[in-house]
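Undergrad: Knowing the structure of chain A, use the given hints to seat chain B on it.
Which chain is which? The protein sequence lines are A and B, in order.
With the first sequence counted from 1, adding 116 to any position gets you this note's numbering.
With the second sequence counted from 1, adding 116 to any position gets you this note's numbering.
Treat the hints as calculated values from the structure; they're not laboratory data.
No false leads were slipped in.
Copies of the same chain are indistinguishable here, so a pair counts whether it falls within one copy or spans any two.
Straight-line distance between alpha carbons at most 25 Å, and here's what the computed SDA-like set of lysine to any residue pairs gives:
| # | residue 1 | residue 2 |
| --- | --- | --- |
| 1 | LYS168 | LEU198 |
| 2 | LYS169 | PRO218 |
| 3 | LYS129 | GLY223 |
| 4 | LYS169 | SER146 |
| 5 | LYS138 | PRO218 |
Number of protein chains: 2
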Amino acid sequence: MGEHMISIDEFKKVEMRVGEIKSAEPVEGSEKLLRLRVDFGDEERQVISGIKKHVDPASIVGKKFAFATNLEPRDIMGLQRLSFLVAVGGAAETPFAILEAPAAQPGARVR
Amino acid sequence: MGEHMISIDEFKKVEMRVGEIKSAEPVEGSEKLLRLRVDFGDEERQVISGIKKHVDPASIVGKKFAFATNLEPRDIMGLQRLSFLVAVGGAAETPFAILEAPAAQPGARVR
Chain A
117 MGEHMISIDE FKKVEMRVGE IKSAEPVEGS EKLLRLRVDF GDEERQVISG
167 IKKHVDPASI VGKKFAFATN LEPRDIMGLQ RLSFLVAVGG AAETPFAILE
217 APAAQPGARV R
Chain B
117 MGEHMISIDE FKKVEMRVGE IKSAEPVEGS EKLLRLRVDF GDEERQVISG
167 IKKHVDPASI VGKKFAFATN LEPRDIMGLQ RLSFLVAVGG AAETPFAILE
217 APAAQPGARV R
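Next comes chain A alone, as it looks inside the complex (with noise of 0.2 Å):
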């Protein structure tokens, strides 16, 4: 744990913001993907997310998690991302879980 270290900077260029699911469906034709439309406050953003085979998209509606929301847009099957969804886990021995904030308000930024 903690093998390389960082610079209080180097930690402050990763925006992280949390944002509130307005809506969380099947990417067409993918096994791993969801669609997801995000409240930032300001700002709606389309996220594109592998969560698919570890989450029921409607039980996602309505709860706030944490994004990286300064990475560099990627297009996924044709889809542009332009924030990442911030999870833990999903392999063979450790639970999948998404980090939540139901107490903050959408567009919070981490600190």
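TA: Then chain B, alone, in the frame of chain A:
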């Protein structure tokens, strides 16, 4: 939002893990600081965090939160901080919230 884009490699430099709070107590002589003992699965760490005004220490014991675990160590009031509790808000208009991972395993890495 997302003014300064970063690469996925820059994102991956930040090591964040889930830790379970084993104990939380006020730091003597400080109005802001709590001294936390945190279980990261293979390792237990002391975390000094300025959250005293926002939470009741007893209410966070046993809970699992996100921590940045590879920031350069820093001394705060003579106590070494090896990891950093990740949170949002706490300013005037934004409610304070910690990133929770109730279903996660201590030590699980955020990705």
